[in-house]
Amino acid sequence: MTAYVVRRVLWGVALLLIVSFLTFAIFYLFPSADPAALRAGRSATPQLIAQIRHQLGLDKPFYDQYWIYVKGIVLHFDLGFSYQNDEAVRTQIRSRLPATISLAAGAFAVWIAVGIPTGVISAIRPRTLLDRLSMGGALVAISAPVYWLGLVALFLFAKGTGKLQWFGGAGSYVPLTEDPGQWLSSLVLPWFVLAAAFAAFYARMTRANMIETMSEDYIRTARAKGLPERRVILRHALRGALTPILTIAGLDIGLLLGGAVLTETVFNIPGVGRFAYDSIINSDLPSIQGTVLFGAFFIILANLVVDVLYAVLDPRIRY
Amino acid sequence: MKRPHHQGGNIMRPALAAGIAALALAAAGCGGSGSLKSGSSGSAQKGGTITVLSAGDVDQIDPGQMYYSFSYEIGYATQRPLFAYKPDSVDTVPDLAVAKPVVSKDGKTFTVKLRRGVRFSPPVNRPVTSADVKYAIERGFASSVANGYVTTYFDDLVGAPKQATSGVPGIPGIQTPDKHTIVFKLKRPSGVFQGALGMLITAPVPPEYARQFDSKTTSDYGTHQVATGPYMIQNSSAGKLTGYQPGRRILLVRNPNWNPSTTLRPAFADQIVFREGFQHPTVLTRMILNGDADANGDTPPPPAELRSITGNPSEKDQLTFTLEGGARYISLNTAKPPFDNKFVRMAVAYALDRNALRLTRGGPIDGRIATHFIDPSFSDKGFVQAGGSGFDPFATPDHSGDLRKAREMLQKAGFANGKYSGPGLTQVADNTPPGSDTARVVASNLARIGMRVRTISVTHATMFTRFCNVPKQEPNICPNVGWIADFHEPQALLDATFNGKNIVPVNNSNWPQLNDPRINALMARAETIVDPQQRFAAWARIDQLVTKTAVAIPWLWETFPTLFSSNVTKVPELWNLGAPDVTFMEVTG
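Protein chains in written order, with my numbering: chain A, 1 to 319; chain B, 1 to 589.
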């Protein structure tokens, strides 16, 4: 097991290098704005732009720039400085991390808490009205884009913009340590918006897996032993149905971070996702790189954790 | 100055934070009604907090680098340049200066007397002297500061460096005979120098404090700045800004060293908060209407909201519109065929349906259809008397285009049947509305005279910095460009955009690459005319000549809306595209 984890960590590092290289390459190969010209302003002379280009190191060959960047990360964990405001990217990500963790963790909790029970209930009552309503609702939630759903939530339920001013609206986020009540109020809508599609998808997947599991021999055996139905469902059927779901959950953490970019933008939450959005708008390569690496790191980490948990959940699996 | 870049901003100039220039503006038909209820209405109310919402951040936090409109909202509240603006005027008035500059007879020496009793905010605390203004301008030439406009407006100073220097240079053309006098010596007379003295680069910077920051490769004086205005960005006792969180919030608090008797700004509110990151203009608009915030900073209400607000008796008074500022236009690249041919360009001018173009940005609510480049806001400067107003060399019925005339022009250009039959054309446009819609209208209009236009869609910033601003990469057509003056001088509208001497390999703003010796010569002469009446007449003539070349087809003089909550007095800055003047607003609710 230890050898496996070490191997996976090394692969993760290699993957991060590949991701960083691809981000660099995409920035240079595809038409993107010129950071030096953006920073110089519209009246700047070509000489001034050249000077800024030099200061930012943008006049060096592509491979030199990449090497300096990688060296900075490996030796000093230095993600560089924003072209936009000269702040260290590492500092900016760190200062925005609590907001993103608050959003992602809450959304994950909502998605699991809503998606899996809904799937279980639908599975044990297939083809009933409850099942059809749940699955129909799930289809709507899967189809609704996060950006649109966010605006609908703001115009229906948010203070300042909504018809029913129940929860905090755009820009209302405050850190948990500053005001827990306001923190909670500001995140309720973003949590549900971000979790909606995931919860719906997991409800459908749980339902399908559960229905399949419920027809397995060992479920029949459990029932024949006289176990209560509740125990059969929760201890036997659900456990079997959850294993594949857990695998996909690891991958979905990455998608969750993608959704966080949109959710943080719509709800004006000052997290890493909105930082990524602003960086792309401003062609701020160091910040784009930093946020992409941040996302990739967490996807790799989540996959590793899931693989380990997989072995815990299913004793047949050994690495 | 400039405004935002958001929501399909397009005009080349503002933008920013986001980067590039734009005239985002949705806006307003009531053509410049703008109820400018400046300042207090009788009994002034002191205290309270004003909240301004914006989508993006300032382009720079250092006052020596600030350029775009939103930055000036903060810069003018915290800094005191030599000259500044009252919100209801487009002309500067003395701020740190005591009076207008005394200009020598030859127009080459400007002498400015400074006000006494102005002090820097903590931790510097000492009185401001002329040496601080001299240092502020000089540091703009240093590569660590790299001010973007200093070489445009201050390069006529005697001894001014031609390019950024490795340290802060001494400029012999800026002299300080005593602590309260500063003298500017120019190499030639300048018609725009006085306007440039109202830019934030003339706001004093204490050298003994700033040098430690300016000596770095990239100065971080911006995050350690001291203020001279009524407000300061909240800072620590050591001077490090604590009230600036990039992309999130800028908090202005009162400057304890501010002396109200020395200033033109009443500064009613105790605190001003700029909340950033409101990317959706409808959300921002609704929050202001509901009183959760007090004004829009860099992003105007979208056209649909504007129409809704103007149609709602209980809301319409919360909206103001400025006069038109600058023009949007379709730029035709004259450096390569077919637009090196005047008649082909004129055919385009006749073929374009300017009404359809205006509809892409909201229709009449957005402003009047432009027929030349100097906008009607200049009408009080003798521009009308000079024959500028109402001039339209390519008039068509209802501005909807005239295909018959377009075909006549094409015949004159050598296309016998009046249909263009040359190679296909390329335009580079915004990849989001409204710029992408404008490009679509251009392509369909030109298809009517046989021009097949391929559209390359990219981000707004990419469109400028990789294509339209780079002559080597420039397509035949740049449909999403426009220009707003840095200050209210026609030279600031026409020189960068149509003077042949300003065609440069990168960051080029002369998009048509117009290099007409006659026009260039007229501009060279007009630049040195100091008398305002003569200067305006000269630029009015240039405007007519440029328009007649059809190198660029103006189609919109845009107006700028600003929305205020019912909790504050409405004070839009006429000179700054309607941006809220937080130093004149009162909290009433």
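Honestly, I wouldn't trust all of these hints.
[Stated by the list, open to error] Computed list of lysine-lysine pairs in DSBU-like fashion (alpha-carbon distance at most 35 Å, straight line):
#1 Lys71(A) x Lys105(B)
#2 Lys60(A) x Lys501(B)
#3 Lys316(B) x Lys159(A)
#4 Lys60(A) x Lys113(B)
#5 Lys46(B) x Lys60(A)
#6 Lys240(B) x Lys60(A)
#7 Lys185(B) x Lys113(B)
#8 Lys548(B) x Lys108(B)
#9 Lys159(A) x Lys46(B)
#10 Lys162(B) x Lys60(A)
#11 Lys163(A) x Lys472(B)
#12 Lys108(B) x Lys46(B)
#13 Lys60(A) x Lys472(B)
#14 Lys240(B) x Lys71(A)
#15 Lys163(A) x Lys108(B)
#16 Lys162(B) x Lys419(B)
These are calculated hints, taken from the structure and not from any lab test.
Hint check results:
1. Lys71(A) x Lys105(B): Given pair Lys71(A), Lys105(B) is violated - Cα atoms ~61 Å apart, limit 35 Å.
2. Lys60(A) x Lys501(B): 30 Å, holds
3. Lys316(B) x Lys159(A): Roughly 22 Å separates the two Cα atoms, so the pair holds.
4. Lys60(A) x Lys113(B): 47 Å, violated
5. Lys46(B) x Lys60(A): This hinted pair is violated, its Cα atoms lying about 54 Å apart.
6. Lys240(B) x Lys60(A): Distance ~33 Å between Lys240(B) and Lys60(A) Cα, so the pair holds.
7. Lys185(B) x Lys113(B): 15 Å, holds
8. Lys548(B) x Lys108(B): 33 Å, holds
9. Lys159(A) x Lys46(B): Distance of about 28 Å is within 35 Å: holds.
10. Lys162(B) x Lys60(A): 24 Å, holds
11. Lys163(A) x Lys472(B): 53 Å, violated
12. Lys108(B) x Lys46(B): Since the Cα atoms of Lys108(B) and Lys46(B) sit roughly 44 Å apart, the hinted pair is violated (cutoff 35 Å).
13. Lys60(A) x Lys472(B): Holds: Lys60(A) and Lys472(B) sit about 21 Å apart, inside 35 Å.
14. Lys240(B) x Lys71(A): 30 Å, holds
15. Lys163(A) x Lys108(B): Roughly 62 Å separates the two Cα atoms, so the pair is violated.
16. Lys162(B) x Lys419(B): Violated. Lys162(B) to Lys419(B) sits at ~48 Å, over the 35 Å cutoff.
The structure shown violates the earlier hints numbered 1, 4, 5, 11, 12, 15, 16.
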